[in-house]
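**Student:** Listed here are the chains, written in short residue letters.
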Amino acid sequence: MGEEVKVFGYWASPYSYRAELALKLKGVSYEYINEEIFGNKSDLLLKYNPIHKKVPVLLHNGKPIVESLVILEYIEETWKQNPYLPQDPYDKATARFWIKFIDEKCFPTLWLAAWSAENEREKVTNEACEYLKTLESALNGKKFFGGETIGMVDIVASSVGYFIRVTQEIMGLNLLSADKFPQLFQWSEDFANCSIAKESLPPRDKLLPFVKGLIAKYQQDNAKA
Amino acid sequence: MSKAKLVILDCWVSPFCMRVKIALNEKGLEYEAQAEDLFGGKSELLLSSNPIYKKVPVFLHDGKPLCESSIIVNYIDETWSSPPLLPPCSYGRAQARFWADFIDKKVFDACGNIWRSKGEVPVEAKKEFIEILKQLEEALGDKDYFIGTTFGFVDIILIPLTSWFFAVEKIGGFTVEAECPKFSNWMKRCLQRESVAKVVPPPEKVYEFVLMFRKMQGID
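Chains Y and H, in that order, give the protein sequences.
For the first sequence, the UniProt record's numbering begins at 1 and goes up steadily by one.
For the second sequence, the UniProt record's numbering begins at 1 and goes up steadily by one.
Extracted from the complex, chain Y is given alone in its bound form:
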């Protein structure tokens, strides 16, 4: 009996990436459909995600699930092999805490540090460094946030460990550096070198010009305003 699993995503989206990695970790086959999110959104996307109109969308036997963290929890509960959340409720709550911290504080501030105007950048950068320090403390000497293997926190932290590192390079910032955050830096290297993580990561040589273009457009739009 076949299961129909589809992911509507965007090749450069750190959020789409999370959904794909989770399915790969579970060994679940899926069809990937790239949505052109800049420009007119497809009828299907608007049908499956009428409220937020965003990727990723996971479609399982015709039923849509949206929001990357909701998708990750759904995948974990639906396919029980290779769990990526701890079993113990307290440890699970701790993992969810770090996930929320990454998504609400760490990732947005780091993103802002790359985009913000010169005069605001120092304040945002200092804040971002504080968050990186806190995030590093969650590693606590482990190889991955999930322990010996990739867990849900690692899946979410890929936004910082890979996507932000690429953005930094473009902006000539060196926030997530080996000397400032040795453990976190090593984690991001180990993660990106992990064969299963690598499979769906957008290649650097494609991502760099894409993000460069985004930043240039942002700065252009802001200069006009």
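Treat the hints loosely; a few may be bogus.
Listed below are the simulated DSSO-like cross-link pairs for lysine-lysine, each with C-alpha atoms no more than 27 Å apart in a straight line [stated by the list, open to error]:
id	chain 1	residue 1	chain 2	residue 2
1	H	Lys42	H	Lys54
2	H	Lys105	Y	Lys133
3	Y	Lys47	H	Lys143
4	H	Lys5	H	Lys54
5	Y	Lys105	H	Lys5
6	Y	Lys63	H	Lys143
7	Y	Lys24	Y	Lys123
8	Y	Lys63	Y	Lys100
9	H	Lys27	H	Lys118
10	Y	Lys54	H	Lys106
11	H	Lys134	H	Lys118
12	H	Lys118	Y	Lys53
13	H	Lys27	Y	Lys92
14	Y	Lys92	H	Lys143
15	Y	Lys80	Y	Lys26
Listed next, with one range per pair, are the computed distances between beta-carbon atoms [stated by the list, open to error]:
id	chain 1	residue 1	chain 2	residue 2	range
16	Y	Asp190	H	Ala197	27 to 37 Å
17	H	Phe39	Y	Tyr218	33 to 43 Å
18	Y	Pro83	H	Pro88	10 to 20 Å
Simulated from the structure, these hints should not be mistaken for laboratory data.
Computed from a predicted model, the values in this text were never measured in an experiment.
Here a beta-carbon is modelled for each residue, glycine too, at the ideal position from N, C-alpha and C.
Given chain Y's structure and the hints, the job is docking chain H onto it.
**Tutor:** Same frame as chain Y, now just chain H:
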């Protein structure tokens, strides 16, 4: 240090604290609520249990701290399984999580855009707030509660935020009942539950608090 097994570091007017207390009440659990003076000075216990955010609620289970209200409610549901707050099937749970996320991202901020405004409340702010409630009303449909026939996770996440709606209505010059009658009925239905009624303060008291806070912030 309290001998109680379950402790919540609390503030009576915080809808986020209310969520935790309602969940504990639903599970029939005894707990101790320690009132934090958020303006006078946060306790050592709060600062050491939640060093990153320094906020209430903090839930302590045998002294082990947990932060962030939605995460705490999930933990309570997973640790004490009866009655379940989330539906049994994965898809139903995904729906519940989606709406909880929507509520967390939208409702309190939309309230704030109204009650924090100086002078005339911007039309956009009122429009946005009503729009959000209408989206929630559509999700509710003709059901008694958000996910099915029983009071659960989404209701717990949302009902405490509605204790601030009276203040929003007074300041904004509209009523939720007139704009979203189905939503208003859902509110009344939830407020009749003992687990909720014990915890949610009278709306007039919250309104008094909001007015005092506005004065403190120099808005009034």
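**Student:** Tell me, in ascending order, the numbers of any earlier hints that this structure violates.
**Tutor:** Violated hints (numbers, rising): 5, 7, 9, 12, 14, 16; every other hint is consistent with the structure.
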